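Chain order of the listed sequences is A and B. Going by this note's numbering, the first residue of the first sequence is number 1, and it counts up by one from there. Going by this note's numbering, the first residue of the second sequence is number 1, and it counts up by one from there.
One or more hints might be untrue.
Unchecked claim - Facing chain B, from chain A, some residues (calculated, C-beta under 8 Å): (1) Y32; (2) K42; (3) S84; (4) L88; (5) A105.
Because the hints were derived from the structure by calculation, they are not lab data. Fair warning: this is a prediction, and the values are worked out from it, not measured in the lab. The beta-carbon is built from N, C-alpha and C at its ideal position, and this holds for glycine as well.
Below, each chain spelled out in residue letters.
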Amino acid sequence: QKEVEQDPGPLSVPEGAIVSLNCTYSNSAFQYFMWYRQYSRKGPELLMYTYSSGNKEDGRFTAQVDKSSKYISLFIRDSQPSDSATYLCAMSEISGGYNKLIFGAGTRLAVHP
Amino acid sequence: KAGVTQTPRYLIKTRGQQVTLSCSPISGHRSVSWYQQTPGQGLQFLFEYFSETQRNKGNFPGRFSGRQFSNSRSEMNVSTLELGDSALYLCASSLVVGGQKYNEQFFGPGTRLTVL
Chain A
1 QKEVEQDPGP LSVPEGAIVS LNCTYSNSAF QYFMWYRQYS RKGPELLMYT
51 YSSGNKEDGR FTAQVDKSSK YISLFIRDSQ PSDSATYLCA MSEISGGYNK
101 LIFGAGTRLA VHP
Chain B
1 KAGVTQTPRY LIKTRGQQVT LSCSPISGHR SVSWYQQTPG QGLQFLFEYF
51 SETQRNKGNF PGRFSGRQFS NSRSEMNVST LELGDSALYL CASSLVVGGQ
101 KYNEQFFGPG TRLTVL
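Just need the whole structure built from these sequences, with the hints factored in.
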């Protein structure tokens, strides 16, 4: 079993829809949770960063962390064709101040006009 | 502020050869991590450097090595290339202030390595 599970999709939605992307994890030591967006043939771009449980909002994006369920989500409101990309969840624990990111497989999202 | 830069962007090598990839972190970022991305395995952590020392290492064979220079620039080397080493190699940098590392990692565009 992988430490981080993420449905690879693809997920296809019409423009303007609310998109929900999710990851589950098994390592209860994870404390930092991130969402990255990766366009084809580009490096991942950091979208959201949260620590511990709770919600964080940034424009059309909302990240949720539920540590009791080991479940994180990213919501995209009013989705646009430019949101079409692969979305990767990533998480890390602390180990002497240095850590590595464990990534989900990524969900491919297509927003069609 | 310029982002993470990686050179070269594309490389084609043959089995048995070795390759060196270069990464320049965001100005002021002193921690550099390397990742391998493949369609089958996704993004996997290779190693992390800070203050010219390897701080963390993933589950990759010894053919994969790296180093960091005093200006925080980093290189990774893969010796005796295998077909399975074909991948996108990504470098990410993080800010370190007063010994405290920030967890956000910022990625470069990657080097796409093809092994024939």
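Check: Which earlier hints can't be squared with this structure?
Finding: 3
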